[in-house]
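Student: Residues per chain are reported as follows:
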Amino acid sequence: MMAATPTLGKFVLRTLLWLPPCLAAWYFSAHYHAAVAGALAHLLVDWFNPGIVSALEQPGIDLVFVTTLEVHPEPGRTGLLVPEVNPLLYTYGLAFFVALMLAAGAKWWKILVGAVALLPFQSWGIAFDLLVQVGVKLGPDVAAQAGLFGWQREAIALGYQIGNLIFPSLIPVVLWAGFSRLFIENLLRSQARNTPAHP
Amino acid sequence: MLRFFILFVVILVTLFAAELTQPVQSAVVLPWTEALARISAGLITLFDSNVVAFGKILQSTTNGFAVSIEAGCNGIEAAVVLIAAMLAFPAPWKHRVIGILVGLSAVQVLNIVRVISLFYLGQWNMKVFEWAHLYLWQALIMLDVLIVWLVWIRMLPPSSPADSPPPPSADAGVQHATAP
Chain A
1 MMAATPTLGK FVLRTLLWLP PCLAAWYFSA HYHAAVAGAL AHLLVDWFNP
51 GIVSALEQPG IDLVFVTTLE VHPEPGRTGL LVPEVNPLLY TYGLAFFVAL
101 MLAAGAKWWK ILVGAVALLP FQSWGIAFDL LVQVGVKLGP DVAAQAGLFG
151 WQREAIALGY QIGNLIFPSL IPVVLWAGFS RLFIENLLRS QARNTPAHP
Chain B
1 MLRFFILFVV ILVTLFAAEL TQPVQSAVVL PWTEALARIS AGLITLFDSN
51 VVAFGKILQS TTNGFAVSIE AGCNGIEAAV VLIAAMLAFP APWKHRVIGI
101 LVGLSAVQVL NIVRVISLFY LGQWNMKVFE WAHLYLWQAL IMLDVLIVWL
151 VWIRMLPPSS PADSPPPPSA DAGVQHATAP
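Residue numbers (our numbering), protein chains in the order written: chain A, 1 to 199; chain B, 1 to 180.
So that you can see chain A by itself, here it is in the shape it has in the complex:
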C-alpha cells in the first residue's frame, strides 16, 4: 500500500523535520563517507594531473593529500606540500538528499542509489578544492611544479566554483526530482485540487 501524497506545505514541513536528524547522522558517519569521496577525488586528481598526489591520509574527518610538490618554508629547508580539504563542505548534500527522500516517503533502495550517485559530485568538489590550492592559491611556483598553467588554472578555478557553490546543494535536489517524478506530479495535482478554482 502506498502512502498518500502530502500537500506541498506538509512535504516542506517533513523535510525540515527530517533535516536535523539527517545532518546529525551525516556528521557522525562523516569519517566513512568522506573516505570514499576522498578516494574517488584522488582518482580524479590523478586523471587531471597524474603524479602530483602520492598518498591520501585521513587522521580525522579532514582529508590530507600528500603531494610530490616541494615547498621551501625557510631558505635551505625543503618539505612536501600536504594540503588539507574539509570534505564536509562537499558532502552535506547527502543529509539534504536523504531528508528530501524521507519527506517524500521514498523507497530505501532509491535513497541508497541516490547516495551513491552523489559521490562523483562530492569527489569533484574535494578534487577541485585540492587543485585550486595547488594551482591557484599557493602561487605560481607551486602551480608551475604541478605543471598547471594558463587555461588549466582557469579551468580549475571554474571547476572549484561549481564544485563549491553549485553541486553540494543543487545535485541533491536534482537527484530527488529524478527519483520522485510521480511524487512531484501528484504533489502538484493534490495542491491544485486543494486550491479553489477561479470563477
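Facing chain B, a subset of chain A residues (Cβ under 8 Å, in silico):
#, residue
1, L8
2, L88
3, I162
The hints are simulated quantities; they were obtained by calculation from the structure and are not laboratory data. Glycine included, each C-beta is placed from N, C-alpha and C at the ideal position.
Position chain B against the provided structure of chain A, taking the given hints into account.
Tutor: Then chain B, alone, in the frame of chain A:
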C-alpha cells in the same frame, strides 16, 4: 524531461560562468552584495542599533564581530539556479518573467534572514555559526528555491504544457486512490 534537463544545465552553466566574469562581478555581484549588507544592517537597526555596514561587511559596534558576505552567501547562485529552472521549463514568457521576479524576491528575503541570523549566531557561538553557515543554511536556501519553483509550476495556466495531464500510469492510479 530530457529537454528541460539539458536546457537547465546549459542555462545554468552559462549564467554561472557569466557571474564569475569581472564585468558582471563589478556591475552586479559586488553592488548587490553591498546592498544586501546595507539592507541587513537597516533591518537590524530596527531592534538593535549596534550595527554598521561598510562595503559587504556587517559589523557589531558592541564587540567588533563582523561578517563579510561572500560568494555563496549573497543568494546569487540560488538566483541563478532558479532563473535557469524557470527558463528551461516550458511556460509562457509572461509567467516566466513574473515567476523570476517574485521568485528572486522570495529567495533574497530568506537570504536576508540567513545573513541576519548568522550575524547573531556568530556572536553567540562560532561552532554553531559554522554549522549554520556552511551546511544548514545552504540546504535551506536551495529548499526555498525548490519550493518557489514547485509553486510557480502549479500556478502556470492550464494551457501550458506544464499543466497538461501526464500519461496515465498504473502507479499514479494507485496513488490517487489512496489519497485522502
